[in-house]
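> Take a look at the letters that make up each chain.
Protein chains: 2
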Amino acid sequence: MSSVRKIASSLGVSVATVSRALNNHPDVSAETRQRVLEAAQTAGYLPQVGKRQLTTIGLAYPTSPVRPDYGTFESMLLAGIVRGANERRFDVTIINLEQDRDPLESYTQFFHRKGVRGVVLRSLEATPRLAIDIAEERFPCILVADRCDDPRVNFVDSDSRGASRQAVDHLIQLGHTRIGLAIHNVLDSDHQDREAGYEEALREAGIPRDPQMTVRAPASPEGGAMMLNRLLEHENPPTAIYFTNPLSTVGALHRCLQLGIRVPKDLSIVGFDDGDVRLRTFPNFTAVCQDAHALGMEAARWLTRSLASDQPAIFRELRQTRFAVHESTGLRPVTAVRLVGPYEVKREI
Amino acid sequence: MSSVRKIASSLGVSVATVSRALNNHPDVSAETRQRVLEAAQTAGYLPQVGKRQLTTIGLAYPTSPVRPDYGTFESMLLAGIVRGANERRFDVTIINLEQDRDPLESYTQFFHRKGVRGVVLRSLEATPRLAIDIAEERFPCILVADRCDDPRVNFVDSDSRGASRQAVDHLIQLGHTRIGLAIHNVLDSDHQDREAGYEEALREAGIPRDPQMTVRAPASPEGGAMMLNRLLEHENPPTAIYFTNPLSTVGALHRCLQLGIRVPKDLSIVGFDDGDVRLRTFPNFTAVCQDAHALGMEAARWLTRSLASDQPAIFRELRQTRFAVHESTGLRPVTAVRLVGPYEVKREI
DNA sequence: GAGAATACCGTAACTGTACCGGCACGCCAA
DNA sequence: TTGGCGTGCCGGTACAGTTACGGTATTCTC
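Protein sequences, first through last, are from chains A and B.
For the first sequence, counting from 1, position 150 maps to 150 in the working numbering; every step adds exactly one.
For the second sequence, counting from 1, position 67 maps to 67 in the working numbering; every step adds exactly one.
Honestly, the hints are just simulated from the structure, not real lab data.
A few of these clues could be false.
To be verified - Here are the simulated BS3-like pairs of lysine-lysine, each with C-alpha atoms no more than 30 Å apart in a straight line:
id: 1; chain 1: B; residue 1: Lys6; chain 2: B; residue 2: Lys114
id: 2; chain 1: B; residue 1: Lys6; chain 2: A; residue 2: Lys114
id: 3; chain 1: B; residue 1: Lys114; chain 2: A; residue 2: Lys114
id: 4; chain 1: B; residue 1: Lys265; chain 2: B; residue 2: Lys346
id: 5; chain 1: A; residue 1: Lys346; chain 2: B; residue 2: Lys265
id: 6; chain 1: A; residue 1: Lys265; chain 2: B; residue 2: Lys265
id: 7; chain 1: A; residue 1: Lys114; chain 2: A; residue 2: Lys6
id: 8; chain 1: A; residue 1: Lys346; chain 2: A; residue 2: Lys265
id: 9; chain 1: A; residue 1: Lys265; chain 2: B; residue 2: Lys346
Unchecked claim - Coverage of chain A stretches by chain B, computed from C-beta distances (three or more under 8 Å per stretch; other residues unrestricted):
id: 10; segment: 91 to 100
id: 11; segment: 181 to 190
id: 12; segment: 244 to 257
id: 13; segment: 271 to 282
As the list claims (entries may be wrong) - Computed far set for chain B versus chain A, every beta-carbon distance over 10 Å:
id: 14; residue: Glu74
id: 15; residue: Lys114
id: 16; residue: Ala205
We put the beta carbon where it would ideally sit given N, CA and C, even for glycine.
Make a model of the complete structure from these sequences and hints.
So this is what it looks like as structure tokens:
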């Protein structure tokens, strides 16, 4: 519809000036650039190279991409996105939202300058705000591995409430009544789910929730070890713990081995897994499992289908996580383990 | 230099036909397409949209990208590549070489159709052949995490011979004389390095190499456990083992815990690490460490610098891996552990 | 105060792609 | 046989956006 020439004539400037303004070239005054950007925004300008239809989608990260913290999660997610996009012969480019973006330009302009027709937004921590901003500009976007209340925001997320409840139920069935919750210190929607599932299972079983049985720490092996320490130092320690993150689960299991705590004989542990971390620990841990690959694939599939068919529907999917029993959960021990010193373990009646 | 119009006039066809032939459109005869592709090849045709200089590089995978097998290695590599490319404001797109490539078109045409000016080639297993093909077309390309004898091929790889030798030396210093080698069953250059380092250290110390102390299996936790079994079933078992892959190291440590073999008291283990796997096992294992992030960053840095400066130099870098001592290596035990049944361990004099 | 340097912008030339129409050929029915 | 119709293939042209070059006005320097 709109082109650089249309915008140029409507503003009384030349096409070269419009092009320069849209591409952050230095040879244009700030005032003119502002006028051009506004005109482009209101006209709903979409650049097109030649007349080619672009077949690239972006994977946008608010910060530096692929944080090692997340273990294999990012890998699996990316693999899923690439596979989903390839089904319709789309390519995927990685976009860093903090890099190379002019604060003046809109997201739409930024993404078009990058040559992508839509983005999968990988939201880290507290930034679904971004998704709303992009949705407001009506640029095709889908949030992955997070969710958002705004009705204009598309997302694919996993819902771990059901499986979390199932996990805690499983512990209760094994006779446990004092069950700890070791959760991320930043409560995003995922972790809210897990806490809700934990709470539901307790309530259903008529077990009152003890706030001292909930501890919080960053998602890391060190955080996991720390949370284990804190729970077992309690005068009335738990006999089972639900760790809501893969890395803290690994850290906790490691700490148990260090302390000589036998899992599951002395202590039952349910963890969380994104990939196959649970199959690489000792013992293999019972876990709530999230399929990151499927998450990414679904997101890319919907986005590319939506771009190809050109009908802007709303898409919001919550995929249920799965509960898988392995070797780290067992019957409630008759004697609970308690930590009395940094390296001293006491088995009580 | 050359454009669709130049090619069109030199062949006596229209620009539309050239464009169609270059983009795999159906409305062109096979014979004409062939002629156009050949002319484009000899003329060294490089498409350019508008007059824009493309600032995208590709990360090309011969097969499906990001294999979960490799743990966090792919994640770290990708993160490094993206960061290296961003330094010069380049973007990265993921390209699957098996997808959407017409067998008739050259790699150059394929990559240009994808809109990238250069590629980082992630070679998996036995495919440095690809790097040679691409180098022959003079398309900017760098092989990462592998190497190639052909003098036209650029690469960034890590050299683990020195650190492997250091690792085995370390074991010898601790009094070990019977040292096993558990290595990948496919001997790419990386694993050749590791074997060479092992051999060198033994020779230097005057210890004859026993072929029965070398076992081979796929790089997986199961492979690691299997290799451990095979070595410890030997009538004269080793007191220390070098596992040349992160996943097999994890599998072996897991198997030791299962069998009740105390590491390092009964058996010393040196492993290999790409990221921080060694810090998430029990015990944390002594390892030869490869910095995948740095590998990717160096590759992308060189490629983007080379594209920006437009001088096609040759680049071949071997980064030394690092040897890090952790908790899985100790003094040679007086009694070696031997496996006499699937779950029976015997400690001999 | 005159010359030089710089900031900003317009004209025009250039890139590649898609739409539309035309030509040649083959097939089918009257 | 002949006219009509569909299809494969291709050319002309309009149009997308970008950049080289040059011009004008303003500012800086001596």
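> Which numbered hints are broken by the structure, listed smallest first?
11, 14, 15
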